[in-house]
Amino acid sequence: MAIKFKGVDYIEFDAMLNDDERLVRDTARKFIEDNLIPIIEECNRAGRFPRELVKPMAEMGFFGASLKGYGCAGMSNVEYGLVTQELERGDSGVRSFVSVQSALVMYPIYAFGSEEQKQTWLPAMQQGEKLGCFGLTEPDFGSNPGGMRTRARKVGNEYVLNGEKMWITSGSIADIAVIWAKVENEDNKVRGFLVETDRKGFKAEDIHGKWSLRASVTSGLSLQDVHVPESNLLPGSNGLKSPLMCLNQARYGISWGAIGAAMSCYDCALQYSLLRKQFRDQPIASHQMVQEKLAWMITEITKAQLLCLQVGKLKDQGKAEHYHISMAKRNNVWMALECARLSRDILGANGVADDYPIMRHMMNLESVKTYEGTQDIHTLIIGSRITGIDAF
Amino acid sequence: MKILVCMKQVPQKDAPLKLNETATWIREDVSYEVNEPDAYALEEALRQKEKHGGEVVVITSGPARAQQVLREALAKGADRAIHLEDNAFVGLDAFNTARAFAAAIKDEQFDLIFTGLQSDDYGYAQVGVILAELLGWPHATIIMQIEKTDAGIKVKRELEAGFFQFVDMPLPAVLTIQSGINKLRYATLIGIKNAKNKPLRKVALADVQSAIGNNLQMIEKLYIPQKTKNTEFIEGPPAEVAKKLVEKLRNELRVL
Ligand SMILES: Cc1cc2nc3c(=O)[nH]c(=O)nc-3n(C[C@H](O)[C@H](O)[C@H](O)COP(=O)(O)OP(=O)(O)OC[C@H]3O[C@@H](n4cnc5c(N)ncnc54)[C@H](O)[C@@H]3O)c2cc1C
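Chains as they are written, first to last, in our numbering: chain R, 816 to 1207; chain U, 39 to 294.
Hints are not guaranteed to be accurate.
Claimed, not checked - DSS-like mimics (lysine-lysine), calculated; alpha carbons at most 30 angstroms apart, straight line:
#, chain 1, residue 1, chain 2, residue 2
1, U, LYS265, R, LYS845
2, U, LYS265, R, LYS1092
3, U, LYS221, R, LYS845
4, R, LYS821, U, LYS56
5, U, LYS87, R, LYS870
6, R, LYS870, U, LYS194
7, U, LYS87, R, LYS1118
8, U, LYS56, R, LYS819
9, R, LYS933, U, LYS236
10, U, LYS194, U, LYS144
11, U, LYS56, R, LYS1092
12, U, LYS236, R, LYS845
13, R, LYS819, U, LYS265
14, U, LYS221, U, LYS192
15, R, LYS870, R, LYS1092
16, R, LYS845, U, LYS144
17, R, LYS933, U, LYS234
18, U, LYS221, R, LYS945
19, R, LYS819, U, LYS221
20, U, LYS51, U, LYS265
21, U, LYS144, R, LYS821
What the hints assert, rightly or not - Computed footprint of chain U on chain R; a stretch qualifies when at least three of its residues, placed anywhere within it, have a C-beta under 8 angstroms from a C-beta of chain U:
#, stretch
22, 840-854
23, 874-884
The hints are simulated quantities; they were obtained by calculation from the structure and are not laboratory data.
For each residue, glycine too, the CB sits at the ideal point set by N, CA and C.
Given only the sequences and the hints, what does the whole structure look like? Please build it.
What follows is the structure, given as structure tokens:
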């Protein structure tokens, strides 16, 4: 029994959006309903990235949607957030792909790149002709990227890169990798490099056996004496704060995305609870404990929407700080995961089957909770902000 | 070709409807969308323009919220929009709606006017036909296909029971478009951004007041159909019972 998503709006949240924001949201919702929902369970089972959606998503303008120029749509941050919400209502893996392409590859080229780099990559990436990946995490350094071992050495007018990157979304399907490395001739300062993935010494191998984000590709990268011309250095990148700026972009999108996943679970559980009957031929929605779960979910989803909307507005005014975004990412992913668990519970045995989207969202959200700063790391960012004491 | 597309904002198809306090219409706090046949009419106009060049203009009548329909049309590729903005257009009869449209476009020269076949709320299927009459143009309804010819256009009409009719028509003309005639496009994010800079002309009720008369239609009462259960036993010999049953199914219940 397929349950069709009906949308979630408890406090007339839509009235806080303007016409364009609603249109953007509705358009993205329709696109996902028509193109992703019919195939996502198959993709998830097979562990297959739906590559056939790259071109249609590009035509919709989903890649680099919040950037201006170079063929990008120039969306406001709230509009961009609503798009990621709808993408993740479909699937966190597909949203991850779009986040990486947009916030982790196009954004650093846009923010730190030379005009030539922008002209070469941004229009092609916007059109989905070129795909990107972002290599920060290493086998031994996740939450603490400052410890990274990947090195770049300047030799003549080239840089030579060596190192390993791990857990890299889209690694093996990317044409271009943004690789973060310590530059030996610059006091080991962290800088970003554009590395074409067909360069000698560059290898990407997929991580198999993932029980999460199965519709997205995750790879390990190995760089052995990879030579790139000095023009491949992102000239504006300057220390660890540069990759963290990219993460800020992506984390903001994730905090909206998590709302989408939560809405999908909640709406499914609500509709199911009205149809499913147990005891005296009554719908399970008539039982107090089921209502409590539904009431908890709609309340948390609504709070999450308000949090995102405010952070989005701050971001449009250039006033969103990383610790604002940390709160939205931390809270919203947590609440989405709780919603997935409560919804699974409401569906009983049916909740574990992929006739319904809930278990897939739950498994996906485990990754979303970890990547882009784990739940606990965001706790520490908030803690540091309010106490002035770093506790990492 | 210069094409005008008449579009209406209607309550969303699966939105739960509540009656208003006076039980004369539904409460306003529902979600709205573009009337489905109008979306196909717009798509067809955009495709004709892509083939033959020209301009696509969209028009709607309704309160401020109805502007969303025009925004969406502009985002999909319409060149400009006309909004007859007033609450009085909600529930206005088809004759006066057509008169208001005719007055609003009196200074324009269109080759074609498209409307959807009918609106999903009232379902009269009248505005397009009456508009043609007011303009003195030919019209054709339930259009499935449009081809440009040297003399004008050739259209395919859907008739009953799988039959079609092909009609050659001169221009200008009014066509009412059937749903499913083409595949709808999405409004892209870039389209939505570009739509902001496209012209949208507002027409007030006062501007067309002299052209229209009093609303010819009034809803006295709306109610949710009452569920009733009625059991009737037909007695007699089997052949007679069967005959009566068929009669009832055909004439009373109209299910045959
Ligand atoms: C599916 C998937 C896709 C990914 N895609 C990318 C990508 O595209 N690019 C990329 O660069 N990375 C990517 N990552 C990596 C991701 O960002 C890291 O996994 C994340 O930063 C956590 O690092 P870690 O896994 O090494 O965990 P660790 O850092 O080892 O953390 C393990 C646990 O220890 C806790 N912990 C660590 N330090 C502290 C502390 N100081 N105080 C309290 N608790 C602490 C953490 O909160 C966590 O619970 C991806 C990960 C996944 C799962």
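Results for each hint:
{"no.": "1", "hint": "LYS265/U - LYS845/R", "result": "violated (35 angstroms)"}
{"no.": "2", "hint": "LYS265/U - LYS1092/R", "result": "holds (23 angstroms)"}
{"no.": "3", "hint": "LYS221/U - LYS845/R", "result": "holds (14 angstroms)"}
{"no.": "4", "hint": "LYS821/R - LYS56/U", "result": "holds (17 angstroms)"}
{"no.": "5", "hint": "LYS87/U - LYS870/R", "result": "holds (24 angstroms)"}
{"no.": "6", "hint": "LYS870/R - LYS194/U", "result": "violated (34 angstroms)"}
{"no.": "7", "hint": "LYS87/U - LYS1118/R", "result": "violated (46 angstroms)"}
{"no.": "8", "hint": "LYS56/U - LYS819/R", "result": "holds (22 angstroms)"}
{"no.": "9", "hint": "LYS933/R - LYS236/U", "result": "holds (29 angstroms)"}
{"no.": "10", "hint": "LYS194/U - LYS144/U", "result": "holds (29 angstroms)"}
{"no.": "11", "hint": "LYS56/U - LYS1092/R", "result": "holds (26 angstroms)"}
{"no.": "12", "hint": "LYS236/U - LYS845/R", "result": "holds (24 angstroms)"}
{"no.": "13", "hint": "LYS819/R - LYS265/U", "result": "holds (27 angstroms)"}
{"no.": "14", "hint": "LYS221/U - LYS192/U", "result": "holds (20 angstroms)"}
{"no.": "15", "hint": "LYS870/R - LYS1092/R", "result": "violated (43 angstroms)"}
{"no.": "16", "hint": "LYS845/R - LYS144/U", "result": "violated (37 angstroms)"}
{"no.": "17", "hint": "LYS933/R - LYS234/U", "result": "holds (26 angstroms)"}
{"no.": "18", "hint": "LYS221/U - LYS945/R", "result": "holds (28 angstroms)"}
{"no.": "19", "hint": "LYS819/R - LYS221/U", "result": "holds (22 angstroms)"}
{"no.": "20", "hint": "LYS51/U - LYS265/U", "result": "holds (22 angstroms)"}
{"no.": "21", "hint": "LYS144/U - LYS821/R", "result": "violated (42 angstroms)"}
{"no.": "22", "hint": "840-854", "result": "holds (count 3)"}
{"no.": "23", "hint": "874-884", "result": "holds (count 5)"}
In this structure, the earlier hints numbered 1, 6, 7, 15, 16 and 21 are contradicted, and the remaining ones agree with it.
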